[in-house]
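Chains W and R, in that order, give the protein sequences. First residue of the first sequence? That's 1 in the working numbering, and the numbers climb one at a time after it. First residue of the second sequence? That's 1001 in the working numbering, and the numbers climb one at a time after it.
Quick caveat, the hints were computed from the structure, so don't treat them as lab data. We treat Cβ as the ideally placed atom computed from N, Cα and C, and that holds for glycine. One thing to keep in mind: the hints can contain errors.
Partner residues aside, some chain W positions facing chain R, computed with beta carbon under 10 Å [to be verified]: (1) 45; (2) 47; (3) 49; (4) 50; (5) 52; (6) 53; (7) 56.
SDA-like mimics (lysine to any residue), calculated; alpha carbons at most 25 Å apart, straight line [unchecked claim]: (8) 1020(R) <-> 1079(R); (9) 1306(R) <-> 51(W); (10) 1020(R) <-> 59(W); (11) 1344(R) <-> 1277(R); (12) 1153(R) <-> 1185(R); (13) 1090(R) <-> 56(W); (14) 1323(R) <-> 56(W); (15) 1020(R) <-> 47(W); (16) 58(W) <-> 1018(R).
Pulled from the structure, derived: some chain R residues nowhere near chain W, Cβ distances all over 12 Å [unchecked claim]: (17) 1156; (18) 1174; (19) 1244.
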Amino acid sequence: MAVEAVAVATTDLASIQASQMGMKAIGAGLAVGLTGVGTGVAEMGIGAAAVGAIAENKDFFGLGLLFTVIPETIVIFGLVVGLLLLF
Amino acid sequence: MGVNISAPYIYVCTRMRVRKAKLLPREEYMRMLNMSVAEITRVIEETEYKQEIDELGTAFKGIDLVEVALSWNLAKEYQKIQEIAPGTLKGFTHAYLRRWDIQNVLTILRGKVQGEKPGKIKEILIPAGSLDKVVLDRLLSEESNDRIIELLKGHRMFPVLAREFPAARESGSFSHMENELYKQFYAEILADAKAGIKGASAFLSYIQLEIDIKNAKTLFRLRVDAQTDEDVRDMFVAGGTLSINDFTSLDSIRDTNEFIDQLKVNFRNESLHALMDELKGQKGSISGIEVRLTRVQLEQMEKMSKRNPFSIHPILVYLEKKKYEVFNLRALARGKESRLPSEKIAEYLVM
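Chain R extracted, bound-state conformation:
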């Protein structure tokens, strides 16, 4: 190490670390839980979101202002990072950010089905993936969903969209299509990570962690909502450290304590073990468990970024943490707007 790591890697990874240090700490969220939307807006105006709040202050008010400013800031951050990422890390960052294409396209399709105005849909789009602002605007300006999908011809999402959309439209639920899109996305980035590019093993370990945590979340969700007419195997994403068979056999265990024990045997992850020990014997809400699993993922990523300080990991940790900061602030503002009690909002925050 040392000599064979080039300066741009050190430069970018340090920048990411400084940015990560600037993210809102837990105490700040606790303080915000007792504030109104206007006060929250003022607090975030004093942080990294100042520019967006100032720019949009004249056009939007209240909750809309917070929402749009957060989306803009997130998109700006992501684009900036794509610009500065050096060498092979740029490719990995692009690959990681492609998930926003799925999110954006699904948001547009769902918005159109529900008859939302294009302006309203645009507020929550994050133009960070391969579909930029111009393309998203063009998609938004289309009236029918069929036209939108047609416009995406040539994009890597198109085959799955064309295959799954008719059934999704008929059933009125996009969840199966969403699953398929994410499965394709993970399969593609796994292929990228296994292509033998320098630094790819670090990226691979991150994707495997993410897939494992995603599948674990699905497991817990399936336990709560056992009635499903879909094949369980279809819901898990392949490519993690555990195979789909492992997950389906875990899913078939009915006794909660046995299930948790088995999960502990299968995963070699200390923070997850600690969480499992806590969950044993107590019944938490599914959203609570999901938030905690996300925290396990972030903790593990933090550990990995310390082990490989000049790899893709510091960038990914920052990207993920930034995403959750924006989610947290949005949840806070939305929760306050609909007058939810603070304890209820706190359950949804990843901090």
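Here chain W stands alone, though its shape is the one from the complex:
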């Protein structure tokens, strides 16, 4: 009887741990995925404007590229959160 109860508790614990791990994985996925979308939306406007400016004046290339990648920070935050969740 007691042995049986211990066995049930162990399986419960294992399944809880597994589901926690799964939740973390989903959270990490959402963190990276949603911030990726956010970055994409933010970069759309800046990138379009930067390409427009570069088409008219080549000197703007460096600055344009820099401005375009600034929203990358958002996805990096997402990636950091994701990594913190997983490890």
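Guided by the hints, dock chain R onto chain W, whose structure is given.
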């Protein structure tokens, strides 16, 4: 805003803004006022007009070179912009540029009446509207004006041309026909702007501004040149924020100060109010007033383009400013050629 504006709009509007920033500043014109035609040619060769000056340098000299290079550059710019304009903005840009059809056809007709050589007329045509270089060449190669109008059959200008041309030829003045053509043009682009296409309200506000300023210019011109046998109502263009009745009643006010006060009441435009305050009590020349009204229009358009940064406005502001840059340079070169004093030339510059 933001997410629902697509990338091509941002791309093109930014390009227009960069191009606008490259236009000649006021100081440059002031410097050019003290130069000869040859020096002016050299200065503009260092700017956006380099390619045209280089290409045409062997075929033309002096004032002709400047004139042809400016026309070519303007036409090239306009065609380029029509190519890159995205989505509905392309349609609006086409509609805006159709005014060059009127200008070109009238230039050809006037040139033919005065017996100019086709080559000379061709120099000042701007093939930016729906009539391209090939069509304009065909029109130029015709001898009689009747044939030219016949060739335009099927074009949207044809009904007005066919109706008005006999009277214009008889009287020897094309001004009434010109008025009618522009009225038809504005009526058509107003209809385009009211068709409920996305972004049309921005275009509509621009057309209304332009019509208002055009009518205001006519008002001032009528005050200077009061003797006219034409009906005053015929001279105003319908469709602005003010009706033709408003303009005719404004025209009937004889006292200048009262006229200016009434104009201020009717228009809700700060830059125009400032100009009106300046004009009160002083008598400016009509060309001076026209130039200043044009500046009011450009200022207002600039404001509108800041309010709607990704609409038709940035494109229109650039197109208009480019047009005036070419006009200014042409006026400068022509003025210098005929040895006008600098102050006189400066009066005609929109800067």
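Results for each hint:
| no. | hint | verdict |
| --- | --- | --- |
| 1 | 45 | holds (5 Å) |
| 2 | 47 | holds (7 Å) |
| 3 | 49 | holds (4 Å) |
| 4 | 50 | holds (8 Å) |
| 5 | 52 | holds (3 Å) |
| 6 | 53 | holds (5 Å) |
| 7 | 56 | holds (4 Å) |
| 8 | 1020(R) <-> 1079(R) | holds (16 Å) |
| 9 | 1306(R) <-> 51(W) | holds (20 Å) |
| 10 | 1020(R) <-> 59(W) | holds (17 Å) |
| 11 | 1344(R) <-> 1277(R) | holds (23 Å) |
| 12 | 1153(R) <-> 1185(R) | holds (17 Å) |
| 13 | 1090(R) <-> 56(W) | holds (19 Å) |
| 14 | 1323(R) <-> 56(W) | holds (19 Å) |
| 15 | 1020(R) <-> 47(W) | holds (20 Å) |
| 16 | 58(W) <-> 1018(R) | holds (12 Å) |
| 17 | 1156 | holds (33 Å) |
| 18 | 1174 | holds (39 Å) |
| 19 | 1244 | holds (41 Å) |
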